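Participant: Protein chains in written order, with the working numbering: chain A, 1 to 368; chain B, 1 to 294; chain C, 1 to 271.
Calculated from the structure, these hints are not laboratory results.
Note that this is a predicted model, so its numbers are computed, not measured.
It cannot be assumed that every hint is accurate.
As the list claims (entries may be wrong) - Derived pair list, reagent style DSS-like, types lysine-lysine, alpha-carbon separation capped at 25 Å:
hint: 1; chain 1: B; residue 1: Lys95; chain 2: B; residue 2: Lys147
hint: 2; chain 1: A; residue 1: Lys270; chain 2: C; residue 2: Lys68
hint: 3; chain 1: C; residue 1: Lys5; chain 2: C; residue 2: Lys45
hint: 4; chain 1: C; residue 1: Lys45; chain 2: C; residue 2: Lys68
hint: 5; chain 1: C; residue 1: Lys13; chain 2: C; residue 2: Lys45
hint: 6; chain 1: A; residue 1: Lys270; chain 2: C; residue 2: Lys45
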Amino acid sequence: MLQTLSTASHLPANRNDTRGDRSVKARLTLVGLAGLLAVTSFLSLATGASDASLLAVIQSWIAPLTGGQIELSIRDSIIIHDIRLPRMVLGILVGASLAVCGATMQGLFRNPLADPGIVGVSSGAALGAVTMIVLGSSTLAPIAAFLGVFALPLTAFAGALITTLVLYRVSTQNGKTSVATMLLAGIALGALALALTGILIFMADDQQLRDLTFWNMGSLAGATWVKILAAAPIIIVVLLTVPFLAGGLNAMTLGEATARHIGIPVQGLKACSILVVAAATGASVAVSGGIGFVGIVVPHLLRLLIGPDHRYLLPASALLGASLLLVADAIARTIVAPAELPIGIITALVGAPFFLWILLSRRGFLDL
Amino acid sequence: MITQTLARGVNTLVRATAVAAILFGFSFTAGAVAADGGIVAIGGSITEIVYALGEEDQLIARDTTSLFPPEALNLPDVGYIRALSPEGVLSVNPKMMLTLEGAGPPEALDVLQKSGLTIITVPENYNRSGIVEKIRIVGKALGVEEKADLLARQVEADLEAVQKDDVSHTHSKRVLFVLSLQGGKVMAAGTGTSAAGIIEMAGGENAISGVAGYKQISDEAVINAAPDVILLIDRNSNHSTDDDSVLTHAALGSTPAAKAGKVVRMNSLYLLGFGPRTAEAVRELSNAISGKAH
Amino acid sequence: MIEVKNGSVQIGKKPILSDIAFNAMPGAITAIIGPNGSGKTTLLKAISGDLPYGGSIRVHGREICDLKPWEMAAMRAVLPQSSSLSFPFTIREVVRLGLTAGRTGVSRSQTDDIVEEALARVDLQGFSARFYQELSGGEQQRVQLARVLCQVWHPVMDEMPRYLFLDEPISSLDIRHQLVILDIARDFAQRGGGVLAILHDLNLTAMYADNILVMHQGKVRDFGPPDAVLKNDLLQSVFECNLRVSAVPAGNNAFVLPQSVTAGKIHSSNV
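For reference, chain A alone in the conformation it holds in the complex (with noise of 0.2 Å):
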């Protein structure tokens, strides 16, 4: 009966196509933005205002290996070693972090559009941060002591998870997320961050104002290993957790209930993936301000190359996020050498106007 009912009677144009399985592009993709990420670190190593030469640093790495001695200038050295390789490091982190959140959160809300940046994470993390700068001397002297080096990543991860709370509440309603309200829900998050931020500003002394313009540019340019050592734990620990997310948030596409009928605990993964996104937004913020659109222009770009399957998706973007991020500080410090732009002056010179191009791209797509 099945035999004589499933005759062809549709032949698709493209027959001899990969069979729509794109794993093995999104395997080789992944090599290749591995190398990628490879030939940036080496580039943001070897670039910078001054001559400082990687090679000299190198062969002086490699020098007692072969019982040699070569003496580094110490100007080199520390250019190499305290200024280019923990902003590479951060760079690297930063990138991966940002846009891991991107797409976790994308594939949590379903929709391309979401961003922590642009549906005011990022802004509550900088609240969290902001009050942590201005209060940390006086009210909340006793929290700051407490945690040391920690207290700027945890208290914008506090921003951040309160403002994905609150947004995933309102905008998201039996299973279903409304993109206009999303959108309009994290103006409005982003706007009441953003007030609150500013009366904390006007509370700020001259000194804390100084610290709160520089890390409201968003920037590298501050990266310390003491920055490395309280930013990267929460980092780490966000980017290993991802991958167990990637089948669930593949289901989620169709759906919250469709992807409980598969099998997935949707409370527990969605409870996760905001968690995580929080974790690490805070985490970034703290270190290196507000950088826009890695989030949003890593992930769609890659969706077009290998699809939006998560389990490629979330390493590929963590791998050409750090690389993206790599590059536009290169760029940033390089461009009006010896003083440098602020980072993320590049990356939204870059991803405002394909964040339009995505738009423009999907009009009629968007259930707006």
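Following the hints, complete the assembly by docking chains B and C onto the known chain A.
Facilitator: Using the frame of chain A, we list chains B and C on its own:
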């Protein structure tokens, strides 16, 4: 349709890579700076003092706020005083960095210190002795203490003279310094600011006394302040505000200053720099306050 | 077996279902019929584990509110009334999502073949490289069915019959594909699985269903085999229109001939 989108995406990527490559190429060559062992001056007044001492040959770089004298603009710019790039500073191979108090970020200063660079921080006090102290510290750092002593005495004498001659008839004039007037909101100078310092030196009284720092104040507070003079930053600077927007402003327009047409403008570095030119600035300001022609 | 006893569902304070009692047996197609708003979809959602319910709903003797999502996924698959897909997956990728469920009884090495086979069953062989969003509504519905079939590929696993829950599976399909889908359901039941389907077409219901549950105003109006349930009086009062149940001479299948809305015995609308 999908393949088209893909192709466009790849295209964008390729172009972006090309741009990045060009920029990298640029950066490789930008690194080569010859002069070794010079001085980087951070802060407008520091640079001015170095020039006033005639020691500009020792300078190899400056910060973004160092805009005077005009020759200084030819020096490489290592960034804004509060957002210095450590590698940018090191790239000009300095032996010493002379910096005004408040330079940062702290991480950058830490790394620079660690690299063996001598960093001399010059305190900033908005009064006569503050300027004299600046000159002496800079002179000592440059190894020209005698020249500095001479300049310091001269600046001190000038200031004293100005304050004796001109300042007497400006007594009890209330001066409101407006840093910006964006969206009709008045950003004014409160206590402890450079503007408050210069107003006091010129014999005026800062019209805002209740708040510290540069703050946005309400229209009512502006009217309450009842300034006799409104002081603005010169037109060709970033914070410039035109006369119309002051005179037609709801609160500013109703002040005694606006009614009498007493709106004074001065160049920001000249007015607020607290350097060798401050005596001159004080004279100009006190004359403007008292209404004497200058 | 699925047993519903004294089942009820409230949304907010409003009771939607009450006094629901019936058994859906493995090896049979149980059809749910009733007018719009009679609570069919709510009932199916409650049995799928999507809604809190009162009374008792058991699958294989276990109360479904005590089951974990992955335990439920191993027992039944659900075809929703309509599905949207938020990202551009290919058909293969969508269908394969069915195989990511807890225990599908399909080994990893079989995965690729089964995706193709499931697509062939719903008459979509060769579609695997196409994008879901490019397909027509009816084709998308069949892709979803292929995904659902993958989840419970073997109607009986570990000697435990499994279930297909279908919410209006044929509503957007042409006649040929309506038959294709209902044949799949019948095949699934004949091989030992159970099917619970909401249907609107009374003739196809008569042809395929082993048991029919008639819903009306949130209650079970009748439950039994087609020839016992499909009666003029009952259908006329439930659907509020005039119709006549007859039988084709050749076979034993009942058929329903709709006549008009106005001439019914229930309040006719002259407005």
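Participant: Could you run down the list of hints and mark each one as holding or not?
Facilitator: Status of the hints after comparison with the structure:
Of the pairs offered as hints, the one joining Lys95/B and Lys147/B holds, with about 21 Å between alpha carbons and a cut-off of 25 Å not exceeded. With a C-alpha separation of about 16 Å, the suggested pair Lys270/A and Lys68/C falls inside the 25 Å cut-off, and the hint holds. For a cut-off of 25 Å, the pair hint linking Lys5/C to Lys45/C stands: about 16 Å separates their Cα positions. Distance check on the hinted pair: Lys45/C and Lys68/C sit about 16 Å apart at the alpha-carbon level, within 25 Å; holds.
About 18 Å separates the Cα atoms of Lys13/C and Lys45/C, which keeps this hinted pair within 25 Å; it holds. With a C-alpha separation of about 21 Å, the suggested pairing of Lys270/A with Lys45/C holds against the 25 Å cut-off.
Every hint, counting from the list given before, is met by this structure.
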